[in-house]
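Chains as they are written, first to last, in numbering that gives the first Met the number 0: chain A, 0 to 714; chain B, 0 to 714.
Worth double-checking, as some hints may not be accurate.
No copy labels: a pair is met if it fits in one copy or bridges any two.
Quick list of in silico lysine-lysine cross-link-like pairs, DSBU-like style, CA-CA up to 35 Å [stated by the list, open to error]: (1) Lys-402 with Lys-79; (2) Lys-36 with Lys-445; (3) Lys-51 with Lys-478; (4) Lys-655 with Lys-583; (5) Lys-561 with Lys-702.
Honestly, the hints are just simulated from the structure, not real lab data.
Here are the chains, one letter per residue:
Number of protein chains: 2
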Amino acid sequence: MSENPLQLLMNPKSIAVAGASNTPTKMGTIQSLSLLKDGYAGKLYFVHPTEKTILGITAYATPQDLPEVPDLALLIVPIKAVLSLLEDFGKIGTKRAIVVTAGFRETGDAGQDMENKLNEVARRYGIRFVGPNCLGVINSQICLNTTVYPFPPNPGLLGLASQSGTYVTQVLPMLRKKGIRFSKAISLGNEANIDIADALEFLGADEQTKAIILYIEGIRDGRRFIEIARKVTPHKPVLAQYVGGSVSGARAGMSHTGALSGPDFLYDGIFKQAGIIRVGSVEDLYDHGWTLATQPLPRGRRVAVITNSGGPSSSISYTCDLVGLEVPRFSAGLQEEIRKYLQPHAASANPVDLTFHMGMEKLAVTIPEIIIRSGEVDALIMHGIMRSGFLREIYNHVSDYIKGASFEEFLSFSEPVIKEVFELPRKYNIPLIISSFFGQEDSYTKGFQENNIPVFHSPEKTARALGALYHYKLIRERKPGKENPLPKISPLAVRILQQAKKNGQKALDEYTAKKLLAAYGLPVTKEKLVKTQEEALEAATKIGYPVALKACHWQIMHKSGKGLIALQIESAAKLKVAFKDIQKAAGEKVPVLVQKMLAGNREFLAGMTRFAGFGACVVFGLGGVFTEIHHDATIRMAPLTAADTKEMFADIRARKLLDEYRGMPQVEKDKLSEILQTIGNISLLHPEIAEIDLNPIIISGAKPVVADALIVLEG
Amino acid sequence: MSENPLQLLMNPKSIAVAGASNTPTKMGTIQSLSLLKDGYAGKLYFVHPTEKTILGITAYATPQDLPEVPDLALLIVPIKAVLSLLEDFGKIGTKRAIVVTAGFRETGDAGQDMENKLNEVARRYGIRFVGPNCLGVINSQICLNTTVYPFPPNPGLLGLASQSGTYVTQVLPMLRKKGIRFSKAISLGNEANIDIADALEFLGADEQTKAIILYIEGIRDGRRFIEIARKVTPHKPVLAQYVGGSVSGARAGMSHTGALSGPDFLYDGIFKQAGIIRVGSVEDLYDHGWTLATQPLPRGRRVAVITNSGGPSSSISYTCDLVGLEVPRFSAGLQEEIRKYLQPHAASANPVDLTFHMGMEKLAVTIPEIIIRSGEVDALIMHGIMRSGFLREIYNHVSDYIKGASFEEFLSFSEPVIKEVFELPRKYNIPLIISSFFGQEDSYTKGFQENNIPVFHSPEKTARALGALYHYKLIRERKPGKENPLPKISPLAVRILQQAKKNGQKALDEYTAKKLLAAYGLPVTKEKLVKTQEEALEAATKIGYPVALKACHWQIMHKSGKGLIALQIESAAKLKVAFKDIQKAAGEKVPVLVQKMLAGNREFLAGMTRFAGFGACVVFGLGGVFTEIHHDATIRMAPLTAADTKEMFADIRARKLLDEYRGMPQVEKDKLSEILQTIGNISLLHPEIAEIDLNPIIISGAKPVVADALIVLEG
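So here's chain A without its partners, still in its complex pose:
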């Protein structure tokens, strides 16, 4: 495997900036100041057509004039200068660049041309670059910061790749208040050259980065992205926010990075398949990411909630239940031990509520340690640990009554900070998350943040972040699915598809579609294609009543509701009527499929659709006539493993329908899994198939049987 292009780009020994000036409020200058002031120890050069020095440093007229070949070129120049400058850097041998300049693909066709040319230049000189239309990168390990916001030298653990520059820059002051610190952060811009898959691969291999967060508006090479993600997520958590899945979200994304997006449904499925945790807001992205970057994984889902107040106790416990965690009732023995330290009216069952008081030892250390040692929980959430924040609140009120003591003196009268609480996660290898309404003005909030313990300002957030941590534990425990080799291509299937193409068909008729499916071993209904009433009667006798009759022609893709289908025909007399009705509804002579009518109340669907970048994706869900009502389906990228299909079964709301239910036996899930895997394989073997739609798949007894099939061909 070749080295990731970001390896050098994020660790340059020397950087040349083109586009800085001596005007301190210009973006190029502010970005250069970040390089100059935030502690980057490498060489820094300026290229400027006219200025002799910039920010006190010698400037060179062209890249050719530089005293050495810089590892990285940072281009913040006007768009008309970008191409020739990149070429100049290429000529001297610079291999990495960041193109901050905007005005490319996001502006339309002319911009796209320009972006293509940029890529041609890069290819010619072996340059790999981030951007254009980006805000640069941060590598806290070497104090490298090319953005407009300062990044104090305080290396973190959270790696970010973002398709929006704002989420690398404008958020920094807020993240500082939250105590959240990046290891590396990359503003990807238009991804003309280096893309989000490269960034994911780089962060996945980066030792400093303990968790990865991704802000995504659209993924171009979905297949590669998923392949990389599947390698990263078993050893490092990856969280993603995806905002391209709605009409307005997609329009917004298109307009500024020209990103291609897909439906939410698709991203939900492929994120699950790849072990990526999806979040719904940029705040969750940072909060949950920071939790996953800093806290040890819980052994299980049992949470102790320890507070100084009933409200947060309840809010946290309620939210724990919602996100799949458990707040178990403590054993009598443990409660007895805890009660020694509680007021009589305080709660000990879990949540433990010490009620409001200012002695922190019990709340922060004594009781937590008793609980941890009991082995009855796997994680801790605490609320109410505070000192200077609260004392500052009341100081103005009490100051008249404490002999004019200053705030610092007043503070010194109170219990000192109990530092042992900061050690709990490390000492016991147990995750700890803090709820507090105080920011860094409180000594404990500050202490927790400095010790990489997440502090959130809404009780529910602690439970949701812990839920994400537990979610990752489950991802980590997933057994990797074994990828089976593709089956041998079926000569019959090839013939069917060639013939259809020759006929100019846009789809296969149901009968032929099922022949193709059967060629790959899929279970289909017993059926016969007939042209006359006599043939129909003969076929029905052979198949056995009840039967279904269906008009069968490739141009009839959707039969339901048009009189082209008759179900549950119990007798020859009824068959005759039905046959006539169908011919009448069709308006012309149409071949008719005589089909065994299956008994079975449970109906599922399976299908395949191709998405740009992702290729063939397989859908599974609740089927039958009410498909659009229930809207209960899930999707994965082909090929599927048995592990994938197992997760798909668990994904749908109606999952219990696959088990024993009201006297119906458990569905043969291995058979259903084979159907899904085979659909994926057929799609990979036959790219001329555009879509597959098997609906319903009737569960006959315990066996899934394909009762209707549509195969649409590529235009």
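For this one, chain A is given, so just place chain B on it according to the hints.
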């Protein structure tokens, strides 16, 4: 209507505090300091058994010694002193009290006894009180603050009633940072006397309060609460967080206020019925509450998103779509007008993305005004308006290059704050919500907050808060449902229920249940109860095949999956077999119901359950054999109006099944509505009915027909 007890309690002209001392770190003292220092202008007295002065003010040994009868007594004394003190205050004629002291109902039976006694004393003397086990109240209008946290004299617009004291107190520093200010806030504690319904009524009538937020762990008198809420919500928004609906949430609530809770499903339904907006976190409670308290209602759901960056543009737009808002593409004319002020690569279609720059005029005023005047939107969300926050960020970097200018000088070089932006909501009567990653260190954040324009630190929050505002607009537009008088009680129904009681039945058999339902006009299947095969054959001939056979006895409450039911019997031969099979499965001679088998794929359910405090509640949902799989139902408190049932129809996920679907006609919704209303009425007329379960209600053609019915009787 008698005056709300909180009217006087929240507006006392004089207060006596029992439980303060001269130790400034005791809770009672800190609470008294809040009264002393936060600007309360009424009289303040202390009652203390030994001290002569407290905090420099004369103290009296007993209430009897006080120079006047205080309007309000604030009791923070040890639990053993509470009863006698309240009695003493009662004797002198004080009519309102706040009992802060804990240790009552929340501690168990002995505490419950004590609480009952407290109420007896109160009743005897006509005292109404808040608490016990509470943290007091805030009335910002008269600078009244009885809590342990200071509340600066800065009256707000948001009214809170909370079953947790923390959400009235510990949150205050955080709310200050957010610019969120209470009008009134009430910590309800155990609600021994004044309860959440009283608080809601009080806040509903309070002119200063523009929106009401409720933190709820459980409601005791649900029926009264809903009645009051229904009166308040048409003119004032009410938001609620409910945390008692999960196992752990309920346990947590029980432990500290002894609150009774009900399932989420119930609260979801009754909140909707009452026009209360449910939120999922205390943060949303404040954020959305503040938005509803401060912003004018939008005329529609069209939002303009105006930003300086693509990321927030996308996140906000995506979230708008999620919460039912729309980010419409602007007309070509409007885009053209906007584009005059944009860089070539900036987006104008909506979202409008000006891309990063520091001139605020266009972003904050020029473009918003063009958009507002176009009439193409109903609300604005803006991101990227900033000044001192950003300049502070870069000041340290640029300070060397600006001739040693101080930060204030540096600030003065830049564009001044454009104050017109603060006027937009008032000037154009249009809601405005701001997304910013800066707190009050930024001049704009501060300005917005001072002008009651909500600022949120995560872009998605703006969209969600606006979603709540739009949601309230829809609530406001609800047509009030007309309550019909209860129907006349049916003598037949009375006889049936009396007979069943006499027989010691715990339920009615299906046949009798349907007779009862039919007596109130409900449409039920054509059917006959038979004892022998011969009678069954005769009945089937009369009813017409196909028929269903069902074992029919009150002890057989659930027939499915036990061989006690045979459907779709097409012939006499099959009926004979089925009849025998049922008798065999029953193990004894059992009456059999011969029932017309209805054709119809669509199956719903209706039912009734009684909940403590709420009484009879009616359920509607998707029915049939897969009821537990789909789990798609909704609930309302009886009696129901036609408007209630209309909302129930819209509530279920499968709502489209009520319309025309795949050749099936639209369901006769008025008939279905009547069924639901009638179930409610039957439940109110016959309290001896514990539960009703009609499942399935088959849609035969377009008509709903009750095909199975279970009526369970009160034990």
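Taking the earlier hints as the rules, which of them does this structure contradict?
The structure conflicts with hint 3 only, although it agrees with all the remaining ones.
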